[in-house]
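Got chain A; can you put chain B on it based on the hints?
Protein chains in written order, with my numbering: chain A, 1 to 233; chain B, 234 to 466.
Misleading hints may appear alongside valid ones.
[Unchecked claim] What follows is a list of derived Cβ distance ranges for each label pair: (1) A/Val210 - B/Thr323: 45 to 53 Å; (2) A/Lys163 - B/Leu258: 47 to 55 Å; (3) A/Gly177 - B/Thr379: 31 to 39 Å; (4) B/Asp298 - A/His154: 36 to 44 Å; (5) A/Glu164 - B/Gly423: 50 to 58 Å; (6) B/Gln301 - A/Ile62: 31 to 39 Å.
I should point out that these hints are in silico values taken from the structure, not numbers from a laboratory. Every residue, glycine too, gets a C-beta built ideally from N, C-alpha and C.
There are 2 protein chains.
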Amino acid sequence: MYFCLTQLDKEKKTMNNQPQHKEVLRVPEPTLRRLPWYLSNIILLKQKGERYVSSTQISKEINIDASQIAKDLSYVNITGRTRVGYEIDTLITVLENFLGFTNLHKAFLFGVGSLGAALLGDSGLKHFGLEIVAAFDVKPNLVGTTLNGIPIFHSDDFINKMKEYQVNIGVLTVPIGIAQQITDYMIEGGIKAVWNFTPFRIRVPEHIVVQNTSLYAHLAVMFNRLNSNENKQ
Amino acid sequence: MYFCLTQLDKEKKTMNNQPQHKEVLRVPEPTLRRLPWYLSNIILLKQKGERYVSSTQISKEINIDASQIAKDLSYVNITGRTRVGYEIDTLITVLENFLGFTNLHKAFLFGVGSLGAALLGDSGLKHFGLEIVAAFDVKPNLVGTTLNGIPIFHSDDFINKMKEYQVNIGVLTVPIGIAQQITDYMIEGGIKAVWNFTPFRIRVPEHIVVQNTSLYAHLAVMFNRLNSNENKQ
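If we strip away everything but chain A, and leave its shape as in the complex, we get (with noise of 0.2 Å):
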């Protein structure tokens, strides 16, 4: 017997573990943030040497209601089993497919300052779907190098590199006085999705996707809990 079939599958209750539907549900943030958690745990689970996990086994790991994990992984395209669970080796195929880190997309950085190279450096972000295939500044000394392999061009050379790279997404990780207007530009040119690295609030037409990255207003938060620990004790 199985359970939990994705919403989308419900009416044509398929058995196939491949995604059968060409439309993407928009997926509530907080089942898109938790389901990274279950990733990883399940992950784990495989190198420990499990071979199913239930969604109580899942929940007792991390500390989230059973019935909430089981509610997120129906967004999920999987079938589980009664008393045995899903099979993990399917169910990180399809998270990973689900979650969009299976299949590389293509993005540009703008501004490489502290932040940006670092971003550049960060060879990580590959494995999680984020390749940056090339990076745009100003400055005379970064414009025509590269860094960890990924080339520096002048940001004038934007919109002709945009023909020759098949990109959708911009990193940006300008100075806040320029951010509104680079994005701006980004737009212009065909970007799709900005990941926002700056503490500005950037403003964009509404079939642009903006994801909000503020390592300082994390900061922030963090301060202020620590103070206020501190000042309990």
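What follows is chain B alone, placed relative to chain A:
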């Protein structure tokens, strides 16, 4: 006439802009995430020559309700003047202090892989209050070297180095298989806050602060939104 006294100082009715309270308020996370947006906008307004700024003005710039901004700023120890608003220089100083960006918090980094090395290379964190003073790893080719001037020690030396440096923050960039083990080790050594960059959900005692910054979860959200938008067209 003054408005927007901080919630803590409402009873004191102080006219002073310097923090009066020793107790640190546990500020809601959404507020702490929005404050850096206001800060970066105010810095830009200052660069444009403005001397005063109101919530309404910030609101127009970043498309957040003025009443929300005023509410968020009410946590901060700053007084504005009716019709004139907040003095920009003071507001920048007070916000930077409040967010913890002016006070250097020393941190150790655990795991000098691709992302760990990238963070060691990002000198920009210092401008936001975080100084990584040393890193730990076990790889023989790393131990004893420095990266961006930051020494890399053997993980076994951590407890000793805790005595030498004044550190209470640990940055976690190890492989998921040892994320929990290294977290436990950090806390045993006296670390009070863990900045977790791994996709692993670590467990900590109640008095320990965890700030999760999973770049991979953010990528998953961005990929899903991008695919879902592409399917709409």
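Taking each numbered hint in turn, which are not upheld by the structure, reported in ascending numerical order? 1
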